[in-house]
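J.: Each chain, letter by letter, is given below.
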Amino acid sequence: MMRDYLLVYINGQRHEIRGEEAFFSLSDYLRYTRGLTGTKVVCAEGDCGACTIIRGSLRDGREDLHYEGINACITFMHLMDCTHIVTVEGLQDNGSLNPVQQAMIDHHGAQCGFCTPGFICAMSDHANHCAYQSERPVEQLETQRLRNALTGNLCRCTGYAPILNAGESIDLKAFTPLQQRYDTPEMLSDLQAHASHSVQIQTRERLFYAPNNLRDAAEFRVRRPESRIFSSATDMGVLINKEKSDPVVITNLSRIPEAHSLREENGQIVVGARVSLSQLENFCRSRIPEFARLMRIFASPQIKNKGTLVGNIANASPIADTLPFLFVAEAEIELYSTQGTRRVNINRFYTGYKQLDMRPDELISRVYIPMLPKDEILRLYKVSNRKDLDISTFTAAIRLQLDTQRQITGAAIAYGGVGPVVMRLPRTEASLIGCPLDVASFAAAGKLAREEITPISDVRASADYRYQLAENILRKCQAELEEQTSEAVVF
Amino acid sequence: MTTSLPHDSAWGHVTGQSVFIDDRAPLRGELHVGVVGSPIAHGRIKSINLAAAKALPGVAGVFTAADLHHNIWGTIIQDQPLLADQTVNFIGEPLVVIAAEDRETLKIAKRLVKLDLEPLTPILSIGEARQQQQFIAVKRTIQRGDLAAAFASAEHVLEGVFENGGQDHFYLESNCAVVYPGERGNLEVHSSSQHPTEVQHLVAEALGLKQHQVTCIVKRMGGGFGGKESQAAPFAVFAALAAQKLGRPARLVLSKDEDMVMTGKRHPFQTDYKVGFNAEGRIVAAEIHLYSDGGAYADLSTSVLERAMLHSDNAYYLPVALITGQICRTHTPPNTAFRGFGGPQGVAVIEHILEDMAIYLNKDAYAVRRRNCYEGERNTTPYGQVVENNVLPQLFDGLHASADYARRREEIAAFNAASQTQIKGLAMTAVKFGISFTTRFLNQGNALVNLHRDGSFQVSTGATEMGQGVHTKIAQIVAEVFDVPATQVMVMATSTERNHNTSPTAASSGTDINGAAAQLAAEQIRDRLAACVAAHFEQPERGPLEEIELDMVRSHAHIVFEKGEIYHRDQPELRISFEDAVNMAYLNRISLSGYGFFKIPGIGFDKEQGVGTPFRYFTNGVAASEVLIDRFTGELKVLRTDILMDLGRPINEAIDYGQVSGAFVQGMGWVTSENLVMNPEGHLLSHSPTTYKIPNIQDTPRQFNIKLLSNHEAKNVRGSKAVGEPPLLLGLSVWAAVKNALSYANGRQLTGLKIPATAESILRELGAAEAAHAPQPVA
Ligand SMILES: Cc1cc2nc3c(=O)[nH]c(=O)nc-3n(C[C@H](O)[C@H](O)[C@H](O)COP(=O)(O)OP(=O)(O)OC[C@H]3O[C@@H](n4cnc5c(N)ncnc54)[C@H](O)[C@@H]3O)c2cc1C
Ligand code: FES
Ligand code: FES
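Each protein sequence line maps, in turn, to chains H and X. The first sequence begins at 816 in the numbering used here and counts up by one. The second sequence begins at 8 in the numbering used here and counts up by one.
Just so you know, the hints here were simulated from the structure itself, not pulled from any lab data. Just so you know, even glycine gets a beta-carbon here, dropped at the ideal spot from N, CA and C. A portion of the hints provided could be inaccurate.
From the structure, some residues in chain X lie toward chain H, with a derived Cβ separation under 10 Å [unchecked claim]: (1) Gly19; (2) His20; (3) Val21; (4) Arg35; (5) Arg110; (6) Arg118; (7) Lys121; (8) Val168; (9) Gly172; (10) His176; (11) Glu180; (12) His208; (13) Met228; (14) Gly476; (15) Lys644; (16) Asn686.
Some residues of chain H that are not near chain X, with every Cβ distance over 12 Å (derived) [claimed, not checked]: (17) Thr852; (18) Ala865; (19) Leu873; (20) Asn1130; (21) Leu1171; (22) Gln1222; (23) Pro1235; (24) Val1274; (25) Arg1281.
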């Protein structure tokens, strides 16, 4: 069945959205169409969190909705189909403040107030998660997790201390889960019934198409080669808001059930096209802890709740944070078209700056990440001007196999931010074979690494700094292995 | 009454109900206004072709300099066109104003404006401006003592050049205004401005109106930090221009990128210095030549420079000193007020010098600072003001103990000796911040207090609310005069209709000036009420034609206001509720309004001579910060910060705590991650939060202890002290701690570390150290 409208609920109220409005950004729709001006817009690029709202969506294995914070400024209404949007206006509990709101008043967590609705949403989402949604509910918010949960929200007034004080004081027992507040059986069955439909919305200028199976998606790629696939638009939304792109034919895979699948199979993690980075981070926590650790400093919760691995790969940025890891892990990309599927090793997927080994009629349907043997060493690094919620200056993945004498028998090294694409360093890798884990070997490897790269100077850093990092990161890896430390919480 | 009453907008903020300018529902016919700025840093305007933009359906009006009645402005020196007409002097300098029916059309119309500009070579740095002798205004000097003799007697001399970068305010709400045209040519301007009076005056002047035809209203700002002191006004003018010409409501809301490109920032400085000191690390002479980057026009630069000069001593006694200041003219947006207003730049230099002296002498920097701290007889500043009620030594000693400085110093040395991967540093810096506008006439304010018949108050002052809680504090001050709950007092949106000729809410003075004026106004009402109640107690029964006559000559000190009641001190059974007294006063035709006027007494500074008493008092504090640096990447984390401040007797302790925490973190951002990057053509590359990194919640110190010294400032309202700016300067403790950390790697070699200490610059310094110590491995 095909619909010509989007179904969304906002603070429990049902809306069908048709025509032009389907292409509005969520923040504009809330502010200017619905008059819900509590949601603020500051940067319109996902970097400040002032526009944070809580999205409830259907998830496999859940009876009720899964709620999580996302940035409204880089989301479009067509991406909100079959969701429930809770804004700051919807957080009061039967007319009285929820415990997060009360704590923020009591602890002076708001000064000018412009960031506050975003913080209230992010913190309420976190409280909801900790009190109800998590596998191990707790009664109090723990400071470091609170910081992690609020990483996507900037405040220029408070210095954050009063906000942390507020968060730490909350009694989660008094928090009514959003699911209890809002998830009526009517709403749930309405959303479920709509979720299997495909959607097509045509206006004079624009076309949105969300098929409910891969085959239709592939056929559409052939029919409309100019169409742009939107995954969650954390990259696309920024381009559109900053007037650098304006696709008029848009397709989206979110109505396709298998796109949401994330599983472990034959020693591989299989990631569907619409699996979010948060889901992946959680999934990897026990399976590839080093990757989960890196994902902690990937963007912000709001971005990761939306953004997808496939989007990160297809966006083809040389500073995409997941790529060095996927390179050394020898991940494979599954490409789908009307002519069938093929799998490409990610090490051969990028052919030049933002150039992919992908035909116009193809789309990425899955990613396969091999699990690493337990006795191997994997170290992932991200260097940025601000440790959290920043785009990388330099990234690195180092994977080592050792023999029983702790001599290196295999090495895979991938760097990002040092050339037009993420790259492996074959000479540096080779130089380490047969070496012990000592300073001299890694210092020499570091010198060699300099020769394999071609970084540039830009707004984030000079080429010199990147050269130095390329050298130092190997020494850092060695020193950490020797000290048996790794960048703990603080870095 | 709790002294930590919540912010008066807190409920609205947490529920999303607080209304900011762009949250106002559009009125019928409202237009969207935008600005087209210069794409080049310097050039001659040959022509501006508006035909295509005007022809676009949905464009209501397109305006240029020719449409303004008066096109030159400047808060101190009038040298800046509102809309450039001959030359352009910075990227983003406004040229064309467009009004359109909707946002989408406005966006397209902006792209249709065709500018023909002849590029000229821009000056983009202080160095170039100094070389080409491009200065704004005159050179200023502060001098004390015989420099040559003092340097001759010094055992050691260090000299060098110190640089600090700028800082974007990054208030979350970008500049915006909405203007409603009214009858008789009147305009009602809602602006996100710290200075509604200036907006009113500038709109009137630019559009050829009388000042009484323009009302400027400021309900609240989504942050200001100085960035909306002078620079909010032109944007209000642009919206007003469209509203006036088209007779329709007009709204202008800048995007963050536009705001960051178009508006001025904290001034970068380049400072030549020379300091002479003895073997114990006591300064005997200092020579400090400050060069600020004023940008293209004067804006507030002369006052900012003056404050930088007046803070070059900071908490330290300079027996002999020469301090000079010059403003460089560059082709960048005019730099402007930013929390601290030059103070941080002045203080950075001396804190840098002290840190270097310690490294040079191989002494602990705390000891060197403590030795130079104002104390005892060593208590006059280079400009001749005496540091009264000096608590600086007490603050230093107090924090040294409570932050466990000595023990941690040892731990850090041990850690640094052992760790291959990380390095730590610890430093304590101080702030002695002069309170008062250095321009004397600004130190005045007025307030209107209206008492309604149910005993509730409306208070209006010139203070604008930008999150700092000034309205809450003023409500508390007024409530205290009557000892009624502060919730009975509502501080109203700031409006030039109720309070005129006001000063900007700046220089940390919002509460000092406006709170004092409100207190005076409230006391007028209280005195009348007291007289009324006194008369009533003397003659409780009155005939139908009898009316209470006020005796304002006699003292009514025996009438006590307490907990919502008024009673006779000696006969406490004589009492009346506050509400009943108010109503009785009304029925007896007694005014329930007060108008207070306040000016700060006892201040004055001779700018030409560089001597005087510019400040009513000083707000003082100290901070100790500990940092952790990654030896291989230069990345930085602040592990712990302890702050001890003297804020007098705070009116609202929780608000003051928030000011300290917020200002500190903002200062920390300035000295670490906030890096304004410009390309060789003068384009700001870091013009949004993707590339301009203010501190995140993960950056706020892991351990953050803020303590206040209990004190009472007799010279200020309610015994409190101003708090807005001073703690920002304590962010420098983080920067000094980086220098300290580097000294563990570099030995006694001095580093060239500047502000900001980015990861890249830290790694460069570490690399230099490594090269110097080769062939040893990093350790
Ligand atoms: C504030 C902010 C912070 C960020 N921080 C980081 C960070 O720390 N590290 C990092 O690496 N990235 C970061 N990003 C970038 C971005 O979030 C990631 O690249 C994200 O993974 C993109 O996923 P998406 O689903 O949003 O992709 P989209 O924006 O929807 O799409 C990205 C690209 O992929 C294409 N595409 C999408 N799906 C498919 C498909 N199935 N087949 C073929 N092509 C497809 C799209 O056409 C588009 O070109 C950040 C972005 C923002 C806004
Ligand atoms: S407005 Fe900044 S993240 Fe959305
Ligand atoms: S309270 Fe002003 S930005 Fe957070």
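J.: Does Gly476 (chain X) pass the interface check with chain H, least Cβ-Cβ distance below 10 Å?
T.: With a closest approach of 7 Å, the Gly476 (chain X) hint holds.
J.: Does the interface hint hold: is Arg118 (chain X) within less than 10 Å of chain H, judged Cβ to Cβ?
T.: Since the shortest Cβ distance to chain H is 9 Å, the answer is holds.
J.: Using Cβ atoms and 12 Å as the threshold, tell me whether Leu873 (chain H) really stays out of contact range of chain X.
T.: Answer for Leu873 (chain H): holds, closest chain X Cβ roughly 26 Å.
J.: Against chain H, run the beta carbon of Gly19 (chain X) and see if the smallest gap drops under 10 Å.
T.: holds (7 Å)
J.: According to the definition I'm using, a residue is off the interface if its beta carbon is farther than 12 Å from all beta carbons of the partner; does Asn1130 (chain H) meet that for chain X?
T.: holds (14 Å)
J.: Quick check on the hint: Val21 (chain X) CB to chain H CB, less than 10 Å?
T.: holds (4 Å)
J.: When the nearest CB of chain H is found for Arg35 (chain X), is that gap smaller than 10 Å?
T.: Since chain H brings no Cβ nearer than about 15 Å to Arg35 (chain X), farther than 10 Å, the hint is violated.
J.: Is the shortest C-beta separation between Val168 (chain X) and chain H less than 10 Å?
T.: violated (21 Å)
J.: Taking the shortest Cβ-to-Cβ distance between Leu1171 (chain H) and chain X, state whether it exceeds 12 Å.
T.: The assertion about Leu1171 (chain H) holds, with a minimum of 24 Å to chain X.
J.: Grab the minimum C-beta distance from Met228 (chain X) to chain H and call the hint holds if it beats 10 Å, violated otherwise.
T.: holds (6 Å)
J.: Minimum Cβ separation between Gln1222 (chain H) and chain X greater than 12 Å?
T.: Correct as stated: the minimum Cβ-Cβ distance to chain X is 21 Å, above 12 Å.
J.: Does Pro1235 (chain H) clear chain X by more than 12 Å, comparing its Cβ with all Cβ atoms of that chain?
T.: holds (19 Å)
Checked against the numbered hints given earlier, the structure breaks hints 4, 7, 8, 9, 12, 17, 18, 24 and 25 and satisfies all the rest.
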